[in-house]
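Residue numbers (our numbering): 2 to 98.
In short, the hints are calculated from the structure, not lab data.
Ideal Cβ placement from N, Cα and C applies to all residues, glycine included.
Errors might be hidden in some of the hints.
Think about it this way: if two alpha-carbon atoms lie no more than 27 Å apart in a straight line, the pair counts; the simulated DSS-like pairs of lysine-lysine are [said to hold, decoys possible]:
| # | residue 1 | residue 2 |
| --- | --- | --- |
| 1 | Lys80 | Lys66 |
| 2 | Lys66 | Lys83 |
| 3 | Lys55 | Lys71 |
| 4 | Lys83 | Lys71 |
| 5 | Lys66 | Lys55 |
| 6 | Lys53 | Lys66 |
DEER-style ranges, computed between Cβ atoms [what the hints assert, rightly or not]:
| # | residue 1 | residue 2 | range |
| --- | --- | --- | --- |
| 7 | Gln21 | Leu43 | 31 to 41 Å |
| 8 | Pro42 | Thr9 | 49 to 59 Å |
| 9 | Asp38 | Ser69 | 35 to 45 Å |
| 10 | Glu60 | Asp38 | 18 to 28 Å |
| 11 | Lys53 | Lys83 | 37 to 47 Å |
| 12 | Val56 | Phe13 | 35 to 45 Å |
| 13 | Pro39 | Lys3 | 51 to 61 Å |
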Amino acid sequence: MKKIIITTAMLFGTTLIYAQKKDAVKSSKEQIVSNEDPHNPLVNGIPYDQYKAKVQTEETQRVAKEASAKIQRKEFLEKEAKINIPPNTNTAEKPKK
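The task is simple: from the sequences and hints, build the whole structure.
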């Protein structure tokens with residue numbers, strides 16, 4: 002009886018080991034085919050070249066907005082400097098009597 006149980010356990014064990022080896026060989030033969038360039042890694046889910054172009058366009062847009070804001074601010078200050086407001090006589094110092 003002991004011999005039958007031991008033999009059955011050994012057969013079961015060798016079957017499991019063989020099955021694991023067979024699956025390992027099958028998975029090592031599989032190759033994942035990718036259309037992506039290995040020298041162009043993904044950044045935030047998009048290829049690096051596209052990401053770099055996107056960042057550069059955003060940077061140029063930001064710089065252009067800052068430049069236009071500076072020009073508008075300069076024009077506003079120049080307009081303010083040109084305005085001559087006469088002094089208000091109510092708030093000007095009155096001579097003492």
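Okay, the hints, checked on the actual structure:
1. Lys80 to Lys66: holds (21 Å)
2. Lys66 to Lys83: Distance ~26 Å between Lys66 and Lys83 Cα, so the pair holds.
3. Lys55 to Lys71: It holds: about 25 Å lies between the C-alpha atoms, which stays within 27 Å.
4. Lys83 to Lys71: holds (19 Å)
5. Lys66 to Lys55: Holds, at about 17 Å.
6. Lys53 to Lys66: holds (20 Å)
7. Gln21 to Leu43: 31 to 41 Å: At roughly 33 Å between Cβ atoms, Leu43 and Gln21 fall inside 31 to 41 Å, so the hint holds.
8. Pro42 to Thr9: 49 to 59 Å: With Cβ atoms ~52 Å apart, the hint holds.
9. Asp38 to Ser69: 35 to 45 Å: Because 38 Å falls inside the window, the suggested range holds.
10. Glu60 to Asp38: 18 to 28 Å: Holds - the Cβ-Cβ distance for Glu60 and Asp38, about 24 Å, lies within 18 to 28 Å.
11. Lys53 to Lys83: 37 to 47 Å: holds (46 Å)
12. Val56 to Phe13: 35 to 45 Å: violated (59 Å)
13. Pro39 to Lys3: 51 to 61 Å: holds (58 Å)
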